[in-house]
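Participant: So you can see what is in the structure, the chains are spelled out below.
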Amino acid sequence: MTDPTTYLSHLELGEPDKTFLDSNELIINMGPQHPATHGVLRVILKLDGEKVLGTECVIGYLHRGVEKIAENRTYTMFNPYVDRMDYVAAVSNGLGYCEAVEKLLNIQAPPRANYIRVILTELNRMASHQLWLGTHALDIGAMTPLFYTFRDREEILKIFEKYCGARLTTHAFRIGGCQYETYEGFERDVKKFLDFVPPRIDEYEELLTTNRIWLERTRNVGKISAADCKALGVTGPVLRASGVKWDIRKAQPYAAYPEFQFEIPTGANGDTYDRYMVRMQEMRQSLRIIRQAVEGIPEGPIMAKVPKVMKPPVGEVYHSIEAPKGELGYFVVSDGSTQPYRVRVRPPSFVNLQALDVMVRGQLVADVIAVIGTLDIVLGEVDR
Amino acid sequence: MVPITTLHYLVTAAALFVLGVIGVLTRRNVVIVLMSIELILNAVNLNLVAFSRLWGLHGQVFAIFVITDAAAEAAVGLGILIAFFRNKETINVDEVDLLKW
Amino acid sequence: MTPVATTFFFYFLSGLTLLSGILVITQKNAVHSALALILGLLAQAGLYLMLYAPFVAGVQIILYAGGIMVLFLFVIMLVDIERSQKEEQFNKQWLVGILSAGALGGLFVLVYTKGSSLFPMTAGIPAESNNTQQVGELLYGQYMFAFEIASLLLLVAIIGAVVMAKKRI
Amino acid sequence: MLEYITSYLGMNTTPGQAGNVFWAVVYILVVFGGVSVAVIAMNWLERKALAHFQIRLGPMRVGPHGLLQPIADAVKLLTKEDIIPDEADHFVFWIAPLIILCASFTVYIVIPFGPTHAITDLNIGVLFMLGVSSLSVLGVVMAGWASNSHYPLIGSLRSSAQMISYEIAMGMAVVSAILMTSLNKSGTGTLSMIGIVEAQQQQQVWFLFKFFPLGFVAFAIFAIAMVAETNRAPFDLPEAESELTAGFHTEYSGLRWSLFMLGEYTAMIAVSSIAVTLWLGGWLRPFPNTLTGPTWDLVFSLLPGFTFLALALIAFVGVIRMPKHPYFKIQTAGLAGFAAVLGLVGIVLFIPPVRDRIQDIFWFVAKVAVFMYLYIWYRATFPRYRFDQLMKVGWKVLLPIAIGVLILTAILGVVL
Numbered sequence: 001m002t003d004p005t006t007y008l009s010h011l012e013l014g015e016p017d018k019t020f021l022d023s024n025e026l027i028i029n030m031g032p033q034h035p036a037t038h039g040v041l042r043v044i045l046k047l048d049g050e051k052v053l054g055t056e057c058v059i060g061y062l063h064r065g066v067e068k069i070a071e072n073r074t075y076t077m078f079n080p081y082v083d084r085m086d087y088v089a090a091v092s093n094g095l096g097y098c099e100a101v102e103k104l105l106n107i108q109a110p111p112r113a114n115y116i117r118v119i120l121t122e123l124n125r126m127a128s129h130q131l132w133l134g135t136h137a138l139d140i141g142a143m144t145p146l147f148y149t150f151r152d153r154e155e156i157l158k159i160f161e162k163y164c165g166a167r168l169t170t171h172a173f174r175i176g177g178c179q180y181e182t183y184e185g186f187e188r189d190v191k192k193f194l195d196f197v198p199p200r201i202d203e204y205e206e207l208l209t210t211n212r213i214w215l216e217r218t219r220n221v222g223k224i225s226a227a228d229c230k231a232l233g234v235t236g237p238v239l240r241a242s243g244v245k246w247d248i249r250k251a252q253p254y255a256a257y258p259e260f261q262f263e264i265p266t267g268a269n270g271d272t273y274d275r276y277m278v279r280m281q282e283m284r285q286s287l288r289i290i291r292q293a294v295e296g297i298p299e300g301p302i303m304a305k306v307p308k309v310m311k312p313p314v315g316e317v318y319h320s321i322e323a324p325k326g327e328l329g330y331f332v333v334s335d336g337s338t339q340p341y342r343v344r345v346r347p348p349s350f351v352n353l354q355a356l357d358v359m360v361r362g363q364l365v366a367d368v369i370a371v372i373g374t375l376d377i378v379l380g381e382v383d384r
Numbered sequence: 001m002v003p004i005t006t007l008h009y010l011v012t013a014a015a016l017f018v019l020g021v022i023g024v025l026t027r028r029n030v031v032i033v034l035m036s037i038e039l040i041l042n043a044v045n046l047n048l049v050a051f052s053r054l055w056g057l058h059g060q061v062f063a064i065f066v067i068t069d070a071a072a073e074a075a076v077g078l079g080i081l082i083a084f085f086r087n088k089e090t091i092n093v094d095e096v097d098l099l100k101w
Numbered sequence: 001m002t003p004v005a006t007t008f009f010f011y012f013l014s015g016l017t018l019l020s021g022i023l024v025i026t027q028k029n030a031v032h033s034a035l036a037l038i039l040g041l042l043a044q045a046g047l048y049l050m051l052y053a054p055f056v057a058g059v060q061i062i063l064y065a066g067g068i069m070v071l072f073l074f075v076i077m078l079v080d081i082e083r084s085q086k087e088e089q090f091n092k093q094w095l096v097g098i099l100s101a102g103a104l105g106g107l108f109v110l111v112y113t114k115g116s117s118l119f120p121m122t123a124g125i126p127a128e129s130n131n132t133q134q135v136g137e138l139l140y141g142q143y144m145f146a147f148e149i150a151s152l153l154l155l156v157a158i159i160g161a162v163v164m165a166k167k168r169i
Numbered sequence: 001m002l003e004y005i006t007s008y009l010g011m012n013t014t015p016g017q018a019g020n021v022f023w024a025v026v027y028i029l030v031v032f033g034g035v036s037v038a039v040i041a042m043n044w045l046e047r048k049a050l051a052h053f054q055i056r057l058g059p060m061r062v063g064p065h066g067l068l069q070p071i072a073d074a075v076k077l078l079t080k081e082d083i084i085p086d087e088a089d090h091f092v093f094w095i096a097p098l099i100i101l102c103a104s105f106t107v108y109i110v111i112p113f114g115p116t117h118a119i120t121d122l123n124i125g126v127l128f129m130l131g132v133s134s135l136s137v138l139g140v141v142m143a144g145w146a147s148n149s150h151y152p153l154i155g156s157l158r159s160s161a162q163m164i165s166y167e168i169a170m171g172m173a174v175v176s177a178i179l180m181t182s183l184n185k186s187g188t189g190t191l192s193m194i195g196i197v198e199a200q201q202q203q204q205v206w207f208l209f210k211f212f213p214l215g216f217v218a219f220a221i222f223a224i225a226m227v228a229e230t231n232r233a234p235f236d237l238p239e240a241e242s243e244l245t246a247g248f249h250t251e252y253s254g255l256r257w258s259l260f261m262l263g264e265y266t267a268m269i270a271v272s273s274i275a276v277t278l279w280l281g282g283w284l285r286p287f288p289n290t291l292t293g294p295t296w297d298l299v300f301s302l303l304p305g306f307t308f309l310a311l312a313l314i315a316f317v318g319v320i321r322m323p324k325h326p327y328f329k330i331q332t333a334g335l336a337g338f339a340a341v342l343g344l345v346g347i348v349l350f351i352p353p354v355r356d357r358i359q360d361i362f363w364f365v366a367k368v369a370v371f372m373y374l375y376i377w378y379r380a381t382f383p384r385y386r387f388d389q390l391m392k393v394g395w396k397v398l399l400p401i402a403i404g405v406l407i408l409t410a411i412l413g414v415v416l
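Residue numbers (this note's numbering), protein chains in the order written: chain B, 1 to 384; chain E, 1 to 101; chain U, 1 to 169; chain C, 1 to 416.
There may be inaccurate statements among the hints.
Straight-line distance between alpha carbons at most 20 Å, and here's what the computed SDA-like set of lysine to any residue pairs gives [claimed, not checked]: (1) U:Lys114 - E:Ala15; (2) U:Lys166 - B:Gln363; (3) B:Lys51 - C:Phe316; (4) B:Lys158 - B:Arg188; (5) U:Lys28 - C:Phe316; (6) B:Lys51 - U:Lys28; (7) U:Lys114 - E:His8; (8) C:Lys48 - B:Lys51; (9) C:Lys76 - C:Met261; (10) U:Lys92 - E:Asn92; (11) C:Lys392 - B:Asn220; (12) C:Lys80 - C:Ala246; (13) C:Lys396 - U:Leu155; (14) U:Lys92 - E:Arg28; (15) B:Lys46 - C:Asn148; (16) B:Lys311 - B:Met77; (17) U:Lys28 - C:Asn148; (18) U:Lys28 - C:Ile314; (19) C:Lys48 - C:Phe316; (20) B:Lys46 - B:Val58; (21) B:Lys158 - B:Asp195; (22) U:Lys166 - B:Leu53; (23) B:Lys158 - B:Leu215; (24) U:Lys28 - C:His90; (25) C:Lys48 - C:Pro286; (26) C:Lys396 - B:Leu215; (27) B:Lys68 - B:Gly315; (28) U:Lys28 - C:Phe91.
By construction, these hints were calculated from the structure, which means they are not laboratory data.
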């Protein structure tokens with residue numbers, strides 16, 4: 001039997017210190033097999049007792065080369081792949097990609113398609129936030145919200161399933177609009193959902209918002225200033241919780257968003273509690289958007305005129321949307337052929353994860369868990 | 001069967017005391033030296049309690065004082081040990097030969 | 001409550017005490033020493049019970065086994081055991097040490113054999129039922145001053161330990 | 001020999017005090033078996049209750065409504081491979097769960113289930129309980145150290161700090177209750193568990209309501225500290241799943257792991273018993289002052305039987321609501337049998353001699369059961385504290401309040 005350390009010797013791993021008095025640091029590996037790293041994130045923590053001196057994220061355990069795959073697929077064929085990045089918000093991913101390619105092709109989705117897109121995307125934002133809330137609360141030790149949120153997320157997934165047959169990786173949209181007309185009773189289902197979910201959100205808040213332990217665990221934990229957020233490129237609820245009123249749905253409107261009224265909730269302190277509050281309010285705003293959309297949904301075609309063989313003119317386009325986790329951007333370069341020359345994704349989770357080190361330095365191990373939870377990362381998207 | 005008398009307890013205590021003394025004199029690990037001191041204190045306690053059976057409860061009161069003292073001693077001793085370990089990275093008594101560091 | 005099988009329990013408990021004492025001073029690993037010491041402390045608590053000193057026995061369990069020994073284990077974990085285990089365990093004076101300790105033991109035996117007539121070997125059994133109360137009365141009556149001094153000692157020890165263990169003062 | 005056995009029956013005391021070894025052994029076996037069954041039942045109840053808090057069903061497959069699930073779990077754990085890591089300190093690794101288990105079970109020596117239903121009555125009963133239950137921290141520390149791994153080590157360091165910190169507040173709260181026992185004519189208190197309950201009987205008040213709200217505050221402090229002592233949510237940092245994978249027992253598996261669980265649940269029942277004895281009047285029935293007279297006595301003595309009949313009724317409703325599919329035939333029959341057993345026990349409890357004997361135990365167990373439910377409730381509701389916050393709560397909130405309550409109790413005791 002070969003000594004396993006011989007394999008490691010060429011890696012020049014320094015021998016970690018075995019003691020952890022304050023003169024020495026303790027280095028622990030959190031993940032990739034760890035219940036609270038949301039998949040396969042590996043964080044190397046340098047600790048002084050329980051205090052975090054520094055972190056190092058090791059990513060790539062879920063790398064599948066999504067961007068490279070795009071170069072060998074036609075524009076249409078690549079569409080389902082994007083669902084596999086942020087698999088809890090697959091609809092948003094699809095919307096971003098479709099709109100980017102539409103921009104490249106210079107076509108416009110018809111208004112009815114845009115309305116359907118908004119409804120589904122906002123529903124998916126709800127689903128993503130619910131999943132985030134459940135797992136985040138579980139990380140901090142509250143078990144029960146997880147089951148409540150999953151119960152309600154189920155209703156959203158049912159609507160998706162009825163609409164396009166898939167629950168998670170939906171592939172709901174096509175380039176140029178939507179493939180499917182809404183099913184019989186779609187509006188009724190959505191309206192029923194709109195009526196039933198606000199009390200459920202109150203229920204989550206009842207468990208957490210005023211809970212003393214929750215407050216102590218989240219207030220002043222993982223603070224990040226607006227300046228730091230901007231410097232690191234952090235977007236989404238994390239940015240808004242630091243007090244920056246930046247939402248691409250308002251700043252660079254896409255789909256049917258200009259036609260709806262909604263607020264951008266912001267926080268003040270940029271701590272975990274503010275991020276929690278921002279997301280909770282975003283859920284309510286999403287409901288507001290869905291209600292406006294489902295009530296004002298126009299009749300008409302759902303698909304624009306799109307050539308059977310897609311050959312966009314030579315050029316490049318960057319299009320970004322507000323995914324549940326932040327700015328999701330697609331940079332698509334066309335060389336005039338049927339396949340994209342290059343697709344680059346700007347995933348919000350990947351960029352937001354950079355802020356981890358800034359947010360946890362000087363805090364405790366338990367806060368690392370809380371902050372990983374509050375960043376709302378999905379490793380499929382980080383590693384792509 | 002010999003009835004158990006006070007002398008039995010005293011002999012036990014004496015043996016324990018001797019064991020403690022051997023530990024203090026021969027071990028190099030400071031933690032074990034401190035533990036040997038605890039052994040000595042315990043031997044004294046056993047003596048005190050054994051005698052308290054003869055001459056009233058004063059012995060037990062003293063035993064409680066000794067336990068208090070042991071707690072204080074352990075806290076300070078281990079505190080010194082940690083401070084020492086932090087500076088010299090050793091817990092060997094033989095190397096504790098400086099009055100300052 | 002009358003003790004059952006006094007002789008057996010005395011030899012059992014005192015044997016356990018002495019065995020643990022031997023283990024404490026011979027074990028290589030400090031954690032094993034601490035474990036042996038805990039065993040010895042518990043056995044000694046049993047001896048106190050046999051001596052009709054239940055309060056001292058309770059204090060022994062709570063303070064010694066539950067408090068001081070946890071502190072010891074805590075510190076042993078903090079300091080580097082791996083390396084100290086590889087070092088020489090006994091110092092060079094072990095022969096002298098054992099000889100002098102043996103001489104001390106001989107002295108004890110001498111004193112006990114010569115002086116055993118000074119005190120009665122079996123004594124009236126003090127009433128156990130209000131032992132705690134009597135100890136309390138002594139502590140807060142006759143030994144009030146000593147008690148207060150002891151509390152002061154503990155305060156000093158707390159401050160001392162904090163100052164010692166603090167990173168930067 | 002027979003005489004030795006029967007002689008105890010006439011004595012009105014615990015077997016330990018009577019010095020009757022035979023009955024002491026019988027009591028020990030009964031308590032050991034009873035606690036083990038209680039732990040198994042608690043395991044099932046926790047999973048079911050927690051499941052219903054969280055709008056799910058919990059175990060449903062093994063036996064009707066998952067009643068046999070704990071047994072299936074036990075079989076699974078016993079047959080699992082017992083893994084000891086190579087680098088672990090084998091002896092310490094082996095003995096750590098046993099220490100926890102022994103410490104938790106030894107406490108039951110002095111728990112009074114009734115005026116004579118205790119293994120023995122030490123006159124340092126409370127001190128003994130606190131001391132022995134504090135020994136379980138040694139097992140936790142040793143398990144964490146012996147695993148020779150980082151997460152268990154951090155877990156055990158956390159737990160040792162936590163348990164020592166909360167023991168102090170706990171002790172102060174206990175002392176204020178003991179102080180209350182001395183408020184009688186002779187002015188002498190007691191540390192004996194039976195004596196404490198008898199003092200409550202004598203003073204005609206549970207210490208929970210004595211000097212309201214002082215007794216209540218002391219009780220609340222104890223109730224919080226005891227959750228921390230047993231490493232349960234929201235103070236379950238030593239085994240915080242999301243932070244330290246499983247804390248001090250990360251490296252344990254199979255039988256040894258189950259010993260930790262057994263120890264934890266046993267300790268939960270033990271500390272709840274202390275709280276019940278000190279503040280909730282132990283085996284005394286509720287409302288002894290307002291609802292007096294032979295009629296009320298009769299009503300209260302019938303309650304145990306009715307409780308079991310109600311449980312039987314619930315089980316019977318379950319039988320009716322079972323699916324009628326032939327697949328569920330055995331399960332339905334099993335549940336019906338369970339209902340019948342419960343009903344039978346209920347009817348047996350109506351027989352006058354049994355009724356009078358069992359009453360004390362019933363009230364004690366019922367009060368402990370309330371605490372067990374609280375434990376589950378906490379776990380379903382609260383997030384977990386962070387380590388520094390835990391220390392802050394222990395040292396800066398609970399301890400000063402406990403000392404304040406102690407001083408006020410002493411002053412009131414002298415003045416009144």
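Participant: All the hints need checking, so say for each whether the structure fits it.
Facilitator: Cross-check of the supplied hints:
no. : hint                : verdict
1   : U:Lys114 - E:Ala15  : holds, 17 Å
2   : U:Lys166 - B:Gln363 : holds, 19 Å
3   : B:Lys51 - C:Phe316  : violated, 55 Å
4   : B:Lys158 - B:Arg188 : holds, 13 Å
5   : U:Lys28 - C:Phe316  : violated, 62 Å
6   : B:Lys51 - U:Lys28   : violated, 32 Å
7   : U:Lys114 - E:His8   : holds, 15 Å
8   : C:Lys48 - B:Lys51   : violated, 38 Å
9   : C:Lys76 - C:Met261  : holds, 14 Å
10  : U:Lys92 - E:Asn92   : holds, 13 Å
11  : C:Lys392 - B:Asn220 : holds, 16 Å
12  : C:Lys80 - C:Ala246  : holds, 18 Å
13  : C:Lys396 - U:Leu155 : holds, 17 Å
14  : U:Lys92 - E:Arg28   : holds, 9 Å
15  : B:Lys46 - C:Asn148  : holds, 18 Å
16  : B:Lys311 - B:Met77  : holds, 13 Å
17  : U:Lys28 - C:Asn148  : holds, 17 Å
18  : U:Lys28 - C:Ile314  : violated, 60 Å
19  : C:Lys48 - C:Phe316  : holds, 18 Å
20  : B:Lys46 - B:Val58   : holds, 14 Å
21  : B:Lys158 - B:Asp195 : holds, 16 Å
22  : U:Lys166 - B:Leu53  : holds, 18 Å
23  : B:Lys158 - B:Leu215 : violated, 34 Å
24  : U:Lys28 - C:His90   : holds, 15 Å
25  : C:Lys48 - C:Pro286  : violated, 28 Å
26  : C:Lys396 - B:Leu215 : holds, 18 Å
27  : B:Lys68 - B:Gly315  : holds, 19 Å
28  : U:Lys28 - C:Phe91   : holds, 14 Å
The earlier numbered hints that this structure contradicts are 3, 5, 6, 8, 18, 23, 25.
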